[in-house]
Structures are given as structure tokens and as C-alpha cells.
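Number of protein chains: 4
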Amino acid sequence: MENSLPIVVRPTEIDVNGHVNNAKFVEYLEWGREEWYDRSGLTYDRLDAMGAQTVTVNLNLNYRKECRQGENLTIVTRPERLGRTSFAFHQEVRKADGTVAADAIVTLVTIDPASRKPRPVPDELAAALKSTDNG
Amino acid sequence: MENSLPIVVRPTEIDVNGHVNNAKFVEYLEWGREEWYDRSGLTYDRLDAMGAQTVTVNLNLNYRKECRQGENLTIVTRPERLGRTSFAFHQEVRKADGTVAADAIVTLVTIDPASRKPRPVPDELAAALKSTDNG
Amino acid sequence: MENSLPIVVRPTEIDVNGHVNNAKFVEYLEWGREEWYDRSGLTYDRLDAMGAQTVTVNLNLNYRKECRQGENLTIVTRPERLGRTSFAFHQEVRKADGTVAADAIVTLVTIDPASRKPRPVPDELAAALKSTDNG
Amino acid sequence: MENSLPIVVRPTEIDVNGHVNNAKFVEYLEWGREEWYDRSGLTYDRLDAMGAQTVTVNLNLNYRKECRQGENLTIVTRPERLGRTSFAFHQEVRKADGTVAADAIVTLVTIDPASRKPRPVPDELAAALKSTDNG
Chain A
28 MENSLPIVVR PTEIDVNGHV NNAKFVEYLE WGREEWYDRS GLTYDRLDAM GAQTVTVNLN
88 LNYRKECRQG ENLTIVTRPE RLGRTSFAFH QEVRKADGTV AADAIVTLVT IDPASRKPRP
148 VPDELAAALK STDNG
Chain B
28 MENSLPIVVR PTEIDVNGHV NNAKFVEYLE WGREEWYDRS GLTYDRLDAM GAQTVTVNLN
88 LNYRKECRQG ENLTIVTRPE RLGRTSFAFH QEVRKADGTV AADAIVTLVT IDPASRKPRP
148 VPDELAAALK STDNG
Chain C
28 MENSLPIVVR PTEIDVNGHV NNAKFVEYLE WGREEWYDRS GLTYDRLDAM GAQTVTVNLN
88 LNYRKECRQG ENLTIVTRPE RLGRTSFAFH QEVRKADGTV AADAIVTLVT IDPASRKPRP
148 VPDELAAALK STDNG
Chain D
28 MENSLPIVVR PTEIDVNGHV NNAKFVEYLE WGREEWYDRS GLTYDRLDAM GAQTVTVNLN
88 LNYRKECRQG ENLTIVTRPE RLGRTSFAFH QEVRKADGTV AADAIVTLVT IDPASRKPRP
148 VPDELAAALK STDNG
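Chains as they are written, first to last, in my numbering: chain A, 28 to 162; chain B, 28 to 162; chain C, 28 to 162; chain D, 28 to 162.
By construction, these hints were calculated from the structure, which means they are not laboratory data. Every residue gets a Cβ at the ideal spot worked out from N, C-alpha and C, and that includes glycine. Take the hints with a grain of salt, since some may be wrong.
[As the list claims (entries may be wrong)] In the DSBU-like style, the derived pairs of lysine-lysine whose C-alpha atoms are separated by at most 35 Å in a straight line are:
1. LYS122(B) to LYS157(B)
2. LYS144(A) to LYS122(D)
3. LYS92(A) to LYS122(D)
4. LYS92(C) to LYS122(C)
5. LYS92(B) to LYS144(C)
6. LYS122(A) to LYS92(D)
7. LYS157(C) to LYS144(B)
8. LYS157(A) to LYS122(A)
9. LYS157(D) to LYS92(D)
10. LYS122(A) to LYS122(C)
11. LYS144(C) to LYS122(C)
12. LYS144(D) to LYS157(D)
13. LYS92(D) to LYS92(A)
14. LYS157(C) to LYS92(C)
15. LYS144(D) to LYS92(A)
16. LYS144(C) to LYS144(B)
17. LYS144(D) to LYS144(A)
18. LYS122(B) to LYS92(B)
19. LYS122(A) to LYS144(D)
20. LYS157(A) to LYS144(D)
21. LYS92(A) to LYS157(B)
22. LYS144(B) to LYS157(B)
23. LYS92(D) to LYS122(D)
24. LYS92(A) to LYS122(A)
25. LYS157(A) to LYS92(A)
[Said to hold, decoys possible] A partial selection of chain A residues facing chain D, derived with a Cβ cut-off under 10 Å:
26. ASN30
27. TYR64
28. TYR71
29. LEU74
30. LEU86
31. ALA131
[As the list claims (entries may be wrong)] A partial selection of chain B residues facing chain C, derived with a Cβ cut-off under 10 Å:
32. VAL36
33. ASN99
34. VAL103
Chain A extracted, bound-state conformation (with noise of 0.2 Å):
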């Protein structure tokens, strides 16, 4: 499943250069992957439930083009790849044009919540994952 999220740059994410700043991003890229999860029926607590937390582990991002404050921006969420304990996601902001203004790939892992040790991907999880792949 691809998630998209439209976003508006709001006053106080325009750092001093009168542009989105570097951290900025990787939150809007947090946002689109909470939405790609709640869309998959995914919550924190349904995977809590499951005995899996999901943690960030890797984060790959191209900053591309500069936005600004009042910018339309979409965030585009889809899954890259898939593995026995970890995952990626592949996730681009475009813009109201569609260019991208950044991508990134972002790997995380999933752990017992208890243990904080990885743990295999739960299968409803990596069912939403592999989802993609056929579509």
C-alpha cells in the first residue's frame, strides 16, 4: 500500500533561512509513516499487542529542493523492502508540481518490546509490507 499525506508548511517549521529546516523533513516523514500505519490498521498498540515495537535504525535522505512556508507538500509512504527482522520504507515530499523536494529510504527493525532484541517482522505486518509489491 502507497500512503499519501498532504501537508501545508506552517510558520514555525522556516528556519532562518526562510526555508523548511533539515530536521523538519525527517519529522514530516515520521507523520507519513504514522499515517501509513494507521491506514494499515497498524497502530502502536495493535503492534504492542503483537509484542512488537518498530524502531528506526537507518535514515537515507536527499534534500533536493528547498520549500517554503504555505507550501502544499504531499508525503508519499511506501514500502521498500522486506527482511526477516527489519524493514524499509521508501518516502518522498512532493510538491504541490509534483517534483520531489526529498527522499529517503528509512530502515527500521522490530524489537520485543520487553527485551528491546530484534524480533521477526509479526506476519500481519509483513503481510501490509508485501502488499506493495504485487500492486
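Got chain A; can you put chains B, C and D on it based on the hints?
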């Protein structure tokens, strides 16, 4: 007890106008209060064990001077008032030369974590809040 | 003119207590005021061309209800008072059911961008602020 | 030159999971780079006078350990690579015991402020970046 927390203004705390954003001052004040609680031995966990949490109910904040990247600031926090279920801190953000960049009265209420209803200020917290008046 | 800005609470706006952080409410209010200026045709550049900038001098904010991730909120902004060099907005953060999560009086002063000294509120801004009183 | 910036994790930097939010690490890295430029005498204004600005084009960040409120961290920043128009920093967020909580390669390009196009890295910046390789 009056507490002073020294901080340095970091680049991501500056907004498009080139000075510390208004909302960031509210974070600075929270950092100062947290330091006050810690120095008073009244951490979140300690208060929780007493069956109490503190929640901010009013913030009255005067912005007096702009602060810029790299400035050394001091967040000064002292108890201002103690009621039955509520209390207040007086806080200042001071510049290196001692001038006040911002000052605030922050009013809090102690609640019962389970019922989320106001409850009397725990004795130990009340004692810490009162010790200033005698100082 | 009263302006309403709909927003959704994003995951990075939640603090360790599981609700929207106090400082984030101050950002929400800034987003609401920015929207009010934009809808009134009084952008930053337009005001600057009139030889005026607006700076916040006081924030008096009541926190009334906790807000949680994913909540739909509305930031309601209307002019409250107009003086010679200063003015104020009344702002509310409303929940989906209409209850008020937070309300504030935000007082601003118009300054001359060069001298940084207070100057009379420009006529066009004064007119926009007054139009509410008659409405 | 390698630069070390000591910081303390503040309460508003903690997310709902009780640890420093992923986006906040990106801010920490920016604070570290800013400190590197300042210590190298290459402030924003100085670079601007040379007809250059630096913009981040890629961030490759590994999250290794959770950080918690009140922790003392050190942001270590050293040049990693120098090309014709681009360069990179290697950065680490270290805990008090020396373990690495996060590490990153951050790639930047120097642009002409007017045309916003890439331009060669100014000699003075190149010299500062190279001095590490010999160190």
C-alpha cells in the same frame, strides 16, 4: 529555592526573523522548571510515587528582548505562590549582561494521575515551594 | 474577521506524557495568527512595505484539556483589542466536539523595522482588526 | 579539525516513547556542524562574504542507542571528504560512557547565494576541511 539553568541558543531555535522563536521560549521555561524539580529531588517518578502529577494550567509570558543564535542565556526559576491544589513559578530568561529577555508566571495544578482530578499539593512539594519564601 | 484553521495533531507534537506539548500549543497559535494575516491580505511583505513589523509582547494562555495524536483541532483567531501601537488577538484551540482545549490573549506591538521602536498600527491593519468589532 | 560539542538532553526533546526523537538527532548534528564552522572562523556571514552558502544534500544517519532526558551527550564533528563543489562531515552523538548513540555522514554542496547553483568550495573552507586529513 531559586534555580539557574545556563543554556546556549542553538541554530535550529532561530526562526525566519533571525531570533529565537516565541514557542522556543516556552520550551526554555519548561527546561528551567524541570531543573528546579530535579534539584529539589522531586523528579517525575518521585511525584508519581506520591500519587501526584503536575500540569500547567496558565502561562503568562512577557517577551522583552530578542535573543540570537549563540547567545548565552540563563533560565531562572523560583516558586511564586502556593495554594491548596495549585502553585506558580516566576521564571526569567536572562541575557549574559543580566537584562531580562522574557519573564513569566507559570501556574500549575497537582492532579491525581488516575482520576486526572486536582488534588492537594503533596507536602514534600509544598515544603520545597515554601522554602523560597523564607530565603 | 474571525479565522478558523483546521489542523491534525502529528506524532512529533506529542511529548513523553502522551499529549501535545505545551510549547506546541504556542506554535499552533502562531499558525492561526499567520493564517489570519494571510486571509486579511496582510502578509509579512505587505506589512514590511508599510514600514511595519508585528512582534509579540505578551502571551496569556490557559491550558484546559489535553490533546492527543491524530486529533482534529481548529485554531480560531479573532482581534480582541486595538490600541495606538499595540493590539491583541483572542485565540482558541478547539477540539472536534467544540470544547476549548486552550485559549489565549496574545498582545502584539507594531514596530518600525529599522529603528525597532513602536510605531502606530498601520491604517490597513487597524481597519482589518476593527472590522471584527462591527461584525 | 575535529570538534566536540557537549549538550544535555532537555525534556521537550523526548517523544512519547520516552527517548530523544529521531528528528531531534538531526538538530543535534546541525548544532555540531554550526559549532565546527564557528570554531573554524567560517561563520555564515564570512562564507556569504566569499560568495558561498552551504546546503545539505544528503543525510545518512544510523540510530544505534536510545538517549534519555538529562543525558550528557557529545556531538563530534569532523570533515570526511572534500570534492570540487561538495564535501562531507562524519558526525557522532556519543554518550557519557563513550558509546555511540548515532553516527552520520552529512554531505553538503557550496552554492552561489544569488544563482543558487553549485560553485567550487571556497579555498578557506577547503583548507579548514583538509586540515583534518593531515591531523
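Here is what the structure says about each hint:
1. Only pairs whose Cα atoms come within 35 Å are accepted, and LYS122(B) paired with LYS157(B) is accepted, the gap being roughly 27 Å.
2. A threshold of 35 Å between alpha carbons decides the hint, and for LYS144(A) with LYS122(D) the separation of about 20 Å falls inside it, so the pair holds.
3. For the hint linking LYS92(A) to LYS122(D), the alpha-carbon distance of about 34 Å falls within 35 Å, and the restraint holds.
4. At most 35 Å may separate the alpha-carbon atoms for a hinted pair to count; LYS92(C) and LYS122(C) meet this at roughly 9 Å.
5. A C-alpha spacing of about 12 Å is found between LYS92(B) and LYS144(C), which places the hinted pair at or below 35 Å, so the restraint holds.
6. The suggested pairing of LYS122(A) with LYS92(D) holds, with an alpha-carbon distance near 34 Å, which does not exceed 35 Å.
7. This hinted pair does not check out: LYS157(C) and LYS144(B) have alpha carbons roughly 40 Å apart, beyond 35 Å.
8. Restraint check for LYS157(A) and LYS122(A): satisfied, since their Cα atoms lie roughly 27 Å apart, inside the 35 Å limit.
9. Using a Cα cut-off of 35 Å, the hinted pair LYS157(D) and LYS92(D) holds, with the two alpha carbons roughly 31 Å apart.
10. Annotation: proposed proximity of LYS122(A) to LYS122(C) holds, straight-line Cα distance about 29 Å (limit 35 Å).
11. Restraint check for LYS144(C) and LYS122(C): the C-alpha separation of about 38 Å exceeds 35 Å, so the hint is violated.
12. For the hint pairing LYS144(D) with LYS157(D), the CA-to-CA distance comes to about 23 Å; that is within 35 Å, so the pair holds.
13. Among the hinted pairs, LYS92(D) with LYS92(A) is consistent with the structure: their alpha-carbon atoms are about 31 Å apart, no more than 35 Å.
14. The hinted pair formed by LYS157(C) and LYS92(C) meets the criterion: a straight-line CA distance of about 31 Å does not exceed 35 Å.
15. With a CA separation close to 12 Å, the supplied pair LYS144(D) and LYS92(A) stays within the 35 Å bound.
16. Distance check on the hinted pair: LYS144(C) and LYS144(B) sit about 46 Å apart at the alpha-carbon level, beyond 35 Å; violated.
17. At roughly 46 Å between alpha-carbon atoms, LYS144(D) and LYS144(A) are farther apart than 35 Å, so this suggested pair is violated.
18. The suggested pairing of LYS122(B) with LYS92(B) holds, with an alpha-carbon distance near 9 Å, which does not exceed 35 Å.
19. About 20 Å separates the Cα atoms of LYS122(A) and LYS144(D), which keeps this hinted pair within 35 Å; it holds.
20. This hinted pair does not check out: LYS157(A) and LYS144(D) have alpha carbons roughly 40 Å apart, beyond 35 Å.
21. As the CA atoms of LYS92(A) and LYS157(B) are separated by approximately 55 Å, the hinted pair breaks the 35 Å bound.
22. About 23 Å separates the Cα atoms of LYS144(B) and LYS157(B), which keeps this hinted pair within 35 Å; it holds.
23. Under the criterion of a C-alpha separation no larger than 35 Å, the hint pairing LYS92(D) with LYS122(D) is consistent with the structure, at around 9 Å.
24. Between LYS92(A) and LYS122(A), the direct Cα distance comes to roughly 9 Å. Compliance with the 35 Å bound is thereby established for this hinted pair.
25. The suggested pairing of LYS157(A) with LYS92(A) holds, with an alpha-carbon distance near 31 Å, which does not exceed 35 Å.
26. With its C-beta approaching chain D no nearer than about 19 Å, ASN30(A) sits outside the 10 Å limit, and its interface hint is violated.
27. Taking 10 Å as the C-beta contact cut-off toward chain D, the hint placing TYR64(A) at the interface is violated, the least distance being around 14 Å.
28. With a cut of 10 Å, the hint placing TYR71(A) at the interface with chain D holds, because the nearest CB-to-CB distance is about 8 Å.
29. A distance limit of 10 Å between C-beta atoms decides the matter here; for LEU74(A) the minimum to chain D is near 12 Å, and the interface restraint is violated.
30. Evaluation of the LEU86(A) hint against chain D yields a held restraint, the C-beta minimum of about 5 Å falling below 10 Å.
31. The beta carbon of ALA131(A) comes within 9 Å of a beta carbon in chain D, closer than 10 Å, and the hint placing it at the interface holds.
32. Among the interface hints, the one on VAL36(B) is violated; its C-beta lies about 15 Å from the nearest C-beta in chain C, farther than the 10 Å criterion.
33. Because the beta carbon of ASN99(B) sits about 21 Å from the nearest beta carbon in chain C, more than 10 Å, this interface hint is broken.
34. This hint is violated: VAL103(B) has a C-beta 18 Å from the nearest C-beta of chain C, more than the 10 Å allowed.
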